[in-house]
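Put together the whole structure using the sequences plus the hints.
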Amino acid sequence: MRHEFERNIGFRYAIDLLEPASPYGRAKIAGLRFFSPDERPELERQLQNVVRTLHHLAPLAPEYEKISLYMMPLKDIRRSVEMCREAALSETELFELKRFCLQSVLISPVFARIRDASGIEGIDIRAQEEALGLLDPENARAATFFLPDASSKALLAIRKEKRALEEKLRRAADRDERARLMAERAAVAAREDVEENRLRAEICEGLRPHIDGILRCMDGIANFDFTLARAKLAAAYGGCAVEFSRNEVEFVDMRNPRVADALKERGGSFTPVSISAGPGAALITGANMGGKSVALKTLALNALLVKAGLLPFAKSARLPLFEEIFLVAEDGEDVGRGLSSFGAEIVRFNEMLSRALRAKGVCLLLLDEFARGTNPEEGALIARAVTRRLNGLPHVGVLTTHYDGVARYAKLHYEVAGLRDMDVAAVAREIAANRGDGVRVIARHMNYGLYRAQGRESCPRDARNVCMLLGMDAEILKDIAAQE
Amino acid sequence: MLKEHILGFRSLSIIGMCKNAGKTTVLNRIIRELRDEPMTLALTSIGRDGEAVDVVTGTAKPGIYVYEGSLVATARDMLRFCDATREIVGTTPYSTPLGDVVIFRARGDGGVQLAGPSMTAQLIELTNAFETLGADMTVIDGALSRKSLCAPAVSEATVLCTGASYSRSIDTLVGDTAFAAKLLTLPRQTLWSGAEAGDPQAPKVRLRRKDGTVLIPPEGKSLAQALRAPENRDVAGVFISGALTEATLRPVLQGGADIAGVEFAALDGSRLLIGRDAYDKLALRGAKLAVARPVRVAAVAVNPVSACGFDMDPAELLARMREAVDVPVLDVMNEDGGLL
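Protein chains in written order, with the numbering used here: chain A, 116 to 599; chain B, 13 to 352.
Read the hints as simulated data drawn from the structure, not as lab findings. Beta carbons are placed, not taken as given, at the ideal position from N, Cα and C, and that holds for glycine. Hints may be right or wrong, so weigh each one.
[Said to hold, decoys possible] Calculated lysine to any residue pairs in the SDA-like style (CA-CA distance at most 25 Å, straight line):
hint	chain 1	residue 1	chain 2	residue 2
1	B	Lys15	A	Asp289
2	A	Lys190	B	Ile136
3	A	Lys275	B	Arg119
4	A	Lys275	B	Arg44
5	A	Lys283	A	Arg293
6	B	Lys194	B	Leu279
7	B	Lys233	B	Pro263
8	A	Lys283	B	Asn346
9	B	Lys15	A	Ala288
10	A	Lys190	B	Asn140
[Stated by the list, open to error] Label-pair ranges, simulated between beta-carbon atoms:
hint	chain 1	residue 1	chain 2	residue 2	range
11	A	Gly382	B	Ser107	40 to 50 Å
12	A	Arg290	B	Glu80	21 to 31 Å
13	A	Arg200	B	Glu16	47 to 57 Å
The structure is reproduced here in structure tokens:
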């Protein structure tokens, strides 16, 4: 299943940051799936493994580096291994299988040391010694594939005959004699081909009982590689362990790598977002430019990461394994589909609600500036009614709005501090000094933190300050003030 | 012996002016002559060649016969047409219509079918991989026409094959072959750094003034117009990224621009898509033609036998060709090579 908002919230960005070493790990990520509530034990085991790996990244660094180096040259040959169940493999396929078995012999002991030291569970990587024995009967451990002369009496005899003819050919000067020897040699080469085919079929016959073991080994590598990639990502961006709850969400200091990286590029930094919410509707209000949407998307991102088996980017995380996660937000694609943004929003909301009403488990329902596209009076009415409806549901709902009078119907009310505590005159002076870069200066003074704002009714009036600081026409500003 | 002219090169390409120029015969002769040298030979091709029957003309073609110890890179599906006893030593990610390219070591003598990578960068990588595996010389069999001309760019030297199949007229055959050899062996350009010449992002046309500054003709202005502009009197040279074609050159030659002493350069000889006529006119006007990657033509091989049954007199062809080029010339059909 895919969510249409995966790109919008920075989920794809985070997934693209994963750096598996092997094609098996890459395939795992390409086929990334979301866990349903009844798969919680498996998800918990995986997350536990990632946390344990994360904790051992430093002490076991040389082992992780070594195993990554061993995994890197692997090729994904699962298709030909599957094929070996029914047909004989070609010499190239047997070469690739031998290479895999040789790598498994290198990987397995390093993995065992890592597993024992870090305590990861449910992953096994066994050295494919038996299969390797069949592919390397002389135990030369060379990373090549060759059927030795001694593979069979017949092959030995054929090769001897062929070599003798080749020897004669090297010395033959006469054109006719060469042609005769070439024809003779071609006949022997054809017999060699038949015998080699028979021997390869025999090897494949012998490999057949080991196929399940080989595929399990590949699965083990895939799971381990994926686990290691998740742990490294968590180390780079600050991931934490997850505590699962029945229906309560409590995130402390969440981060969003995409937004954080974009801010870093511009010399800014990401303000971590903390939020708790339970069944019903929680509301986030706040100034324009204050980061309400970023807060909501960061929540969506981290809840979805957990559902996909990744550690959330936060200091601590407690949340249910949501049955479904929905986000209704403007994403700029509506126009292309011929719907007004308001129309598209309503259609999406309807779909979300009907699916949430049918859900057996707990869902996460996120609405970003719902009904922003219509006139403020009606928009506020709609936002209030939607908030009341969500309050009656067993799901966790979080909405952002800048409409007044919605907060009274929400179970929880957060406010983005925004420019509340700002010294307007000081900021105006700073903008004057930084000619023309008002947006950047305001962004720097904006407090993106979320605060509990229980009991407050109206949204903060920061828009006027923003207009003023960004140098809007004086006459208009005067008019705004007069109207108040 | 041909080997005297090729020993010492790390890589050698064999290219043909046309089908049935005798490329495979030349390749087999090289392999044969180097057989008893204390060296490991590695073989591959640009694209596919070496089929028992030529897929284009349907005529019978000799196979490539390698000796024990040689390294061969060919497409996976071609392995079943190789009857040398072999040890698979590596796979590569280079895909061809006949499967990925695989490397094997011949554990006996025998016939092989070559179908190697078709991209220049891959051939360079493959040559390095061969060296890691112990190869002393990589021989690249160029495929048909245009594509094969990339081969010299990745090899230190080339053998140019030509023959009666190219033209019924011996004058045309000799003249065009000599001209092709001339284009391949143009002198190294003198005005651009290696990075400038090889920059894949560079605009198609760049002009260098005598003071060293680079001038890029504005959008919509042709090379001829740029050279004619009075303010560009001091242009020392032109670098063409991509192909230098007749279409680009004709207006330059017909217009009144003073190009005496101006150097026209391209990446390598395969990028010069110009006829003898244009070449002669450039020379007449005092312009110089140069390349960033000059190629050494080790020898020219001629095949007096045509695929359509029209043969030329071997002695006359050999004599005429020797007159026209200043590199060794050999007759591929003659057992001793007719090589002086």
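Now for the hints, and whether the structure bears them out:
| no. | hint | result |
| --- | --- | --- |
| 1 | B/Lys15 - A/Asp289 | holds (22 Å) |
| 2 | A/Lys190 - B/Ile136 | holds (22 Å) |
| 3 | A/Lys275 - B/Arg119 | holds (12 Å) |
| 4 | A/Lys275 - B/Arg44 | holds (22 Å) |
| 5 | A/Lys283 - A/Arg293 | holds (9 Å) |
| 6 | B/Lys194 - B/Leu279 | holds (15 Å) |
| 7 | B/Lys233 - B/Pro263 | holds (12 Å) |
| 8 | A/Lys283 - B/Asn346 | holds (23 Å) |
| 9 | B/Lys15 - A/Ala288 | holds (19 Å) |
| 10 | A/Lys190 - B/Asn140 | holds (21 Å) |
| 11 | A/Gly382 - B/Ser107: 40 to 50 Å | holds (44 Å) |
| 12 | A/Arg290 - B/Glu80: 21 to 31 Å | holds (23 Å) |
| 13 | A/Arg200 - B/Glu16: 47 to 57 Å | holds (56 Å) |
Against the hints set out earlier in the document, no violation occurs for any number.
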